[in-house]
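Enquirer: Below are the chains, spelled out letter by letter.
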Amino acid sequence: MNDHRDVPAIRFTRCSKAFGETVVLDDFSWDVPVGRRVAILGPSGSGKTTLLRLVMTIEQLDAGTIDVFGRPIAAGRDAPAAERLSERQVREVRRDVGMVFQQFNLFPHMTALENVIEAPVRVLGKHKSEAAEHGRQILRQVGLQGKEDAHPRKLSGGQQQRVAIARALAMEPRIMLFDEVTSALDPELVGEVLEVIRDLAEHSSMTMLLVTHEIGFARDVSDEVLFMEHGRVVESGPPEDVLGNPAEERTRSFLRAVGPH
Amino acid sequence: MTQWIPRLLDGLAMTAQATIASFALAVLVSFVVGLGSRMRTLRPFFRIYVEVFRGTSALVQIFYFFYVLPLVGVQLSPLVAGVSALGLNFGAYGSEIVRGAMEAVPRGQYEASVALSMPRWLAIRRVILPQAVRTMIPPFGNILVDLMKTTALLSMISVGDLAFVGKQVLQSEGSAVMAYLPVMVLYFAFAVLLGRGTHRIEQLVGRGWSEATT
Amino acid sequence: MRVDYEYALRVLPVLLRGAVTTFQATIGGMALALVLGLVFVVLLRSKNVLISYPTRAVLEFVRGTPLLIQLFFLFYVLPEWGIRLEALGTGIFALGLHYSTYIAEVYRAGIESVPRGQWEASTALSFSKLDTWRRIVLPQAVITVLPMLGNYLVAMFKETPLLATITVIEMLGAGLSAAASSYRYFEVFTLIGLIFLAMSLPAGALVRKFEAINKRYA
Chain Y
571 MNDHRDVPAI
581 RFTRCSKAFG
591 ETVVLDDFSW
601 DVPVGRRVAI
611 LGPSGSGKTT
621 LLRLVMTIEQ
631 LDAGTIDVFG
641 RPIAAGRDAP
651 AAERLSERQV
661 REVRRDVGMV
671 FQQFNLFPHM
681 TALENVIEAP
691 VRVLGKHKSE
701 AAEHGRQILR
711 QVGLQGKEDA
721 HPRKLSGGQQ
731 QRVAIARALA
741 MEPRIMLFDE
751 VTSALDPELV
761 GEVLEVIRDL
771 AEHSSMTMLL
781 VTHEIGFARD
791 VSDEVLFMEH
801 GRVVESGPPE
811 DVLGNPAEER
821 TRSFLRAVGP
831 H
Chain P
53 MTQWIPRLLD
63 GLAMTAQATI
73 ASFALAVLVS
83 FVVGLGSRMR
93 TLRPFFRIYV
103 EVFRGTSALV
113 QIFYFFYVLP
123 LVGVQLSPLV
133 AGVSALGLNF
143 GAYGSEIVRG
153 AMEAVPRGQY
163 EASVALSMPR
173 WLAIRRVILP
183 QAVRTMIPPF
193 GNILVDLMKT
203 TALLSMISVG
213 DLAFVGKQVL
223 QSEGSAVMAY
233 LPVMVLYFAF
243 AVLLGRGTHR
253 IEQLVGRGWS
263 EATT
Chain G
210 MRVDYEYALR
220 VLPVLLRGAV
230 TTFQATIGGM
240 ALALVLGLVF
250 VVLLRSKNVL
260 ISYPTRAVLE
270 FVRGTPLLIQ
280 LFFLFYVLPE
290 WGIRLEALGT
300 GIFALGLHYS
310 TYIAEVYRAG
320 IESVPRGQWE
330 ASTALSFSKL
340 DTWRRIVLPQ
350 AVITVLPMLG
360 NYLVAMFKET
370 PLLATITVIE
380 MLGAGLSAAA
390 SSYRYFEVFT
400 LIGLIFLAMS
410 LPAGALVRKF
420 EAINKRYA
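Residue numbers (my numbering), protein chains in the order written: chain Y, 571 to 831; chain P, 53 to 266; chain G, 210 to 427.
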């Protein structure tokens, strides 16, 4: 692998994306260094979720390119045929990236453990017993020992989201994308999920992008904060600067609106 | 009247046979067309098939298979001609069920599969289909009962099913009540049985994970 | 096999004359089904179980047996009982009866699609029972019901060829008797199929349009 110090984990080059008339990403360029934890903040509709979905290739880029560890994962519709990526190529690169969704998106017909080992077995070709052992260990790590055989609908929202985190971790990605992972949860369940992520940030070297509305959490976990609006970066920098002493008025008013932290 | 009982049972057996055979064909066609419609190149052909078979009458299709196919050199026995026509007719409806059920699986499920680097067909087979199948069972149950009733049309091309035996009873006994009351009761009993059966299957599939079965 | 276009042209008017009967059967059958369905749904919703249960049983039985058998039954039994109907009349009766059992369910679904709160609000506003139905429930139910009725109309249209089996000279009957002497089954059945397509494709598109409108309001 080309793990040079200077090759960024993710590189956005002149990325644009619009849904109909609404521009959600406007000529966006940005490097995410390896191991960096970035909290992405901004009002809804500012393009932060789309950013993650583009990296995950769930949304198609209109223009620009995205590279993961120096290898292309997405290219705009207008890219010349030679630069267009095959499905297989994209899948290769995508293995380095895991994602946790706002709505969990667990597979309802599988138990917690089955959810976790499905992709390692079917995609990575791991042996089932080996994957299961690893899966149990990850479920323990997110505090779900004893829930291995429960179907998602028997679990609380917080437990479901922790299974979803375990599922993503089981693929051993080098980059994790967290898309408003606590927004669909009842307030009393938010803590347990954030705790798992905090723990993860502390004990691993993964690169993380976190779209969140939890300002306090963002301050604790991230070493860079990106504040976005209308598909553009308003300001970015260390959390103590952006959150503690924002340079831009729009950042300030946003922080005021979401409340004191 | 009692001397007709064995004949009626023979007719019932033929009805059952025709039902099973044409349902098997219909399900096969439904999945091939329903899943195949996801491929852009095949879509127009499948579309034409579905519109033609849904847009015309089942009886006309049966006659077409029985009278016209021999003219182009395809000789089929009445049962095979009838079963093929019915299977393709109901397959056209079934393919819409398959397509609809696949589309009804939440988008997030596809997205999660992408995020886990699953190839498309793996995602369809392991993630989407198991959930879609659960949704398909009730409408396919309706198709099964409908199909069973529609097999009565095969008597028009001399397949010896329950309806056919009814006609024979009428011709030799001369009483329509005597001829068709038992036939109707047998059809009804069969329909009830099939309805109950699919309901059971519906409960078994998805037990433990599906909201709908609690 | 050679296609005889000249024969096809000659037999077309015969089939189209049959199509007129096909239309009569469809419209007559649907009209009867709409009315009978209404009767059934009223009986079905009766609070008296001595009425609602037997009604349910009758509906289940009619739905659980083939239209073809019902057609034969009526065709041969009605005369035995001294009721003389011409073949087309019997056909319309059978179609109407058979489909009324489905249409009763359509009505029921339509009524039940109106949320409880609408009834409660009407009561709270002291509407009369008649006004509640006329001004509140039916206008909402109609939106649900219309596309479903459209579907059954198209379905019934496609089942009219069954009337050929009781000597009605509708499209298929006309085609069968023409083909019996000419042996031009290909031309005859292909034309019949095309005529059906020409009718049911636009009808189906119309129903889908209604469904789309329906979804927008749902």
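Source of the hints: derived by calculation from the structure; they are not laboratory data.
Glycine included, each C-beta is placed from N, C-alpha and C at the ideal position.
It is possible that some hints are incorrect.
[What the hints assert, rightly or not] Estimated spans, in silico, between C-beta atoms of each pair:
hint, chain 1, residue 1, chain 2, residue 2, range
1, G, 420, Y, 649, 35 to 41 Å
2, P, 57, G, 265, 45 to 51 Å
3, P, 259, G, 364, 29 to 35 Å
4, P, 152, Y, 757, 43 to 49 Å
Enquirer: Each hint should be assessed against the structure and marked as holding or not.
Expert: The hints, checked one at a time:
Roughly 39 Å separates the CB atoms of residue 420 of chain G and residue 649 of chain Y, a value that falls within the hinted 35 to 41 Å. Separation of residue 57 of chain P from residue 265 of chain G is about 30 Å and departs from the stated range, judged on CB atoms against 45 to 51 Å. In this structure the supplied range 29 to 35 Å holds for residue 259 of chain P paired with residue 364 of chain G, their Cβ-Cβ distance being about 34 Å. Checking the proposed 43 to 49 Å range against residue 152 of chain P and residue 757 of chain Y shows it is violated: the Cβ atoms sit about 37 Å from each other.
When the structure is compared with the earlier hints, violations turn up for hints 2, 4 and for no others.
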